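*Asks:* Take a look at the letters that make up each chain.
Number of protein chains: 2
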Amino acid sequence: MSSTSSEYVQKITKRSEDFAAWYNDVVLGAQLADYSPVRGMMVYRPYGYAIWENIQKLLDARFKATGVVNAYFPLLIPESLLRKEAEHVEGFNPQVAWVTHGGNEELEERLAVRPTSEAIIMQMYSKWVQSYRDLPILINQWNSVVRWELHTRLFLRTAEFLWQEGHTLHASAEEATERTLLMLEVYRSFLEEDLAIPVIPGRKTPSERFPGAAETYTVEALMGDGRALQSATSHDFADHFAKAFDITFLDKDGERKYGYTTSWGLSTRTIGGIIMVHGDDSGLIIPPKVAPIQVVVVPIWRSEEDKQKVLEHIDRIKEVLGDSFRLHIDLSEEKTPGWKFNEWELKGVPVRLEVGPRDVANSAVVLVRRDNRDKSQVPLNDLVVRLQQTLADIQQSLFDRAKQFRDEHTFECESVAQMLEVLDNKRGFIYAGWCGSDECEAAVKEETRATIRVVPLAQPEDPGTCIRCGNKAQVKVYFARAY
Amino acid sequence: MSSTSSEYVQKITKRSEDFAAWYNDVVLGAQLADYSPVRGMMVYRPYGYAIWENIQKLLDARFKATGVVNAYFPLLIPESLLRKEAEHVEGFNPQVAWVTHGGNEELEERLAVRPTSEAIIMQMYSKWVQSYRDLPILINQWNSVVRWELHTRLFLRTAEFLWQEGHTLHASAEEATERTLLMLEVYRSFLEEDLAIPVIPGRKTPSERFPGAAETYTVEALMGDGRALQSATSHDFADHFAKAFDITFLDKDGERKYGYTTSWGLSTRTIGGIIMVHGDDSGLIIPPKVAPIQVVVVPIWRSEEDKQKVLEHIDRIKEVLGDSFRLHIDLSEEKTPGWKFNEWELKGVPVRLEVGPRDVANSAVVLVRRDNRDKSQVPLNDLVVRLQQTLADIQQSLFDRAKQFRDEHTFECESVAQMLEVLDNKRGFIYAGWCGSDECEAAVKEETRATIRVVPLAQPEDPGTCIRCGNKAQVKVYFARAY
Ligand SMILES: [Zn+2]
Ligand SMILES: [Zn+2]
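Chain order of the listed sequences is A and B.
Per UniProt numbering, residue 1 is the first one in the first sequence, and the count goes up by one each step.
Per UniProt numbering, residue 1 is the first one in the second sequence, and the count goes up by one each step.
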């Protein structure tokens, strides 16, 4: 929307002034997404969807490296299937969109638009598995799910969202637990290495478990406003679903046994995470590994004569760069270079190359980093190597900066009063002891609106005392207010 | 399902005896897909879905080469939006699945599970477009759609299927028509070059147009039983949707004008096409470019000593091949080599490499082609080049064979009686003149159950006389009974 782009660049609320308004301005202004006429559902615009495509490519490769294959299961799930696992249906029922009519007929049984696919997939696994030789089954699917939400926020909470859901079936409880933890590690490394988002891997407390799970693991990240974002989850179901769906197999020892299942998912929420972890007052900063455009070229000229020279120089740059980078050359003539700088900064392109008459004369370009605005002239001959180095450096710097922010916004507290003081002023993670009781967990939530985000896998020898009751703590946990 | 695989290999009905039964046996036996507990909906199993992933990769690259970008629009569409274009709603209404409840509340307006996305996308375009500078918009989405079907067949007709739908918006009628034809050509080249399926590109008759289209184009293929399959369509909407959704823009001349739109789609039906065009009595034959496994290695040994040597030889083969091919090495020990041959033939893997003690001695492998069963010994040193040549040759041979079959099953007819004779005995395409009247088209359909599949773009100078009324023909067309 070139005709309005000059306006939107200026209309971004400052991040420091109003984080929520800034977030919406950036999402809409950078054309990542838009509201739709369907209540609670959003449109993923091409620039936002391109980030998701890059996420899919990188994460899918990580899945496949662990033996996972993709498949696709029906969108609609008969109510009776959803009801087979008691906790599961109880957890999701209030969020289900129901199909009651097909064509002109009323259905005998209503169908849920999938809120998640355990039920339909487990039903198929019970049909497919006969013997231990059929195990493990390691299937993932990329799709969308619908969960009826009243209070929505672009990318972070919508009535429909895109995600992947992996579902595995194993011959033993140990193997299922191992897979659950393996996928947690896949998410951790993906989030940290590809999205430059530092995360804390660990367990959810029983009260925060996925409906039907024996154990839910999470990778938890801290956003730029000091609130937490659950960035992916991995669930160990033990034999709960296998029993509900009668998934049995003939084991090596000739006995018929129940299988053990897991599921694990990451959604387009993580795009919200990218925005909130890396963005600044000028807009988005997208980590190079998932940036739809890694390098944007902006030409600068005053005279027609210069224009010709600059365009020829850009042709040489194109040739030198080949397809080593995701490159965009902004030749639009109705905008000034200054506007273009603002626009591509808003869109978070990691590197900008400015090409003016002086650069033509020097057979060089001016390279500007989005993350720290460092500017340097680079000879054309060095450009490929310099861009590779710079993109790698930006990727690492974004991670380091986010990690430093998180460390500076993680506070060890010893009382609920101290915790409240931190939450209201400094904001961030509260690292504290917990006795393990539901009562203390619920009381802290009630008093502070902060929940236990994660019980980290890495625990100190002595977890100290419970922040709420003062009794001996079982574990150290991270509390935070969360998205 | 190794425990049952020995059975299913033997249970494939012969293609020549019962084409429909053969088709189902192959789809289920090769584990491409399965029935689900949801009426009319199927499960895409990993092996079938992997074909779709390869189709997506190749077709998506062809789209992007023409400037198309991907996005994602909501799954659910308010009824009022669907009603905006009169023909469109009339065409799809009988097939819509309706969501009437969200969570525990009844919705004020029911929502259609998208049968296609023109309505929701046009609504967004009307919001996004202000000026000619915003045009064209070239967006595609990969998703699933739901169309309530009573009579279903795996891959060919199901209540939910996977597809892509492209939707473009242009400043002029000419540009929209050009895009419609460009995408038709993308489909033609994709189907012929990547899926090895020869197609006839052309128009649909007015009675077979997509609801709301000014012109529908199709690429039509002939299946192995002589029935036709519409393999992709491209629709020119003129300004029909722009008027219904009030999509206007300020043109260069300062006037406000309606836009012109197109849409175009290809679905998982084409996997049915691959099966029915290339398969034989032994099962699938998958064109190398989309085969999930291009090369399967089957070891052969009798003694433990041989086994050791063969496995070492296979390690050398793996090293030589690197990741130049989609390779699978079948080391399972509970099946004989003979069973494996049958199983991988059923699964349509283009090339099999047999590795026995004699091959170890010769530093070679035995290469067997799936399409013609040609067998030859290949020295390890030549293997990469030979495989590249062989896969390219199989790809071409499959196309040539299918084209020859189609040519041999295309009959020029001059009367409906002659046409019936051909349809009942030889089967295939009927190439004949048509006067252009709805009456003749309907009468032929009534009398023969064959429809006009396509009015080919390439027309002879003199189309002769109408096959039904004997008047001067306007065009030559292809009739066929179709899926
Ligand atoms: Zn306590
Ligand atoms: Zn006629």
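Read the hints as simulated data drawn from the structure, not as lab findings.
Computed from a predicted model, the values in this text were never measured in an experiment.
Heads up, some of the hints might be wrong.
Pairs of lysine-lysine residues, derived as DSSO-like cross-links and limited to a Cα-Cα distance of at most 27 Å, are as follows [stated by the list, open to error]:
| id | chain 1 | residue 1 | chain 2 | residue 2 |
| --- | --- | --- | --- | --- |
| 1 | A | K64 | B | K64 |
| 2 | A | K84 | A | K57 |
| 3 | B | K57 | A | K289 |
| 4 | B | K64 | A | K252 |
| 5 | A | K64 | B | K403 |
*Asks:* All hints, please: hold or fail.
*Replies:* Hints and how they fare:
no. : hint           : result
1   : A:K64 / B:K64  : holds, 25 Å
2   : A:K84 / A:K57  : violated, 34 Å
3   : B:K57 / A:K289 : holds, 19 Å
4   : B:K64 / A:K252 : violated, 50 Å
5   : A:K64 / B:K403 : violated, 37 Å
In summary, the numbered hints that this structure violates are 2, 4 and 5.
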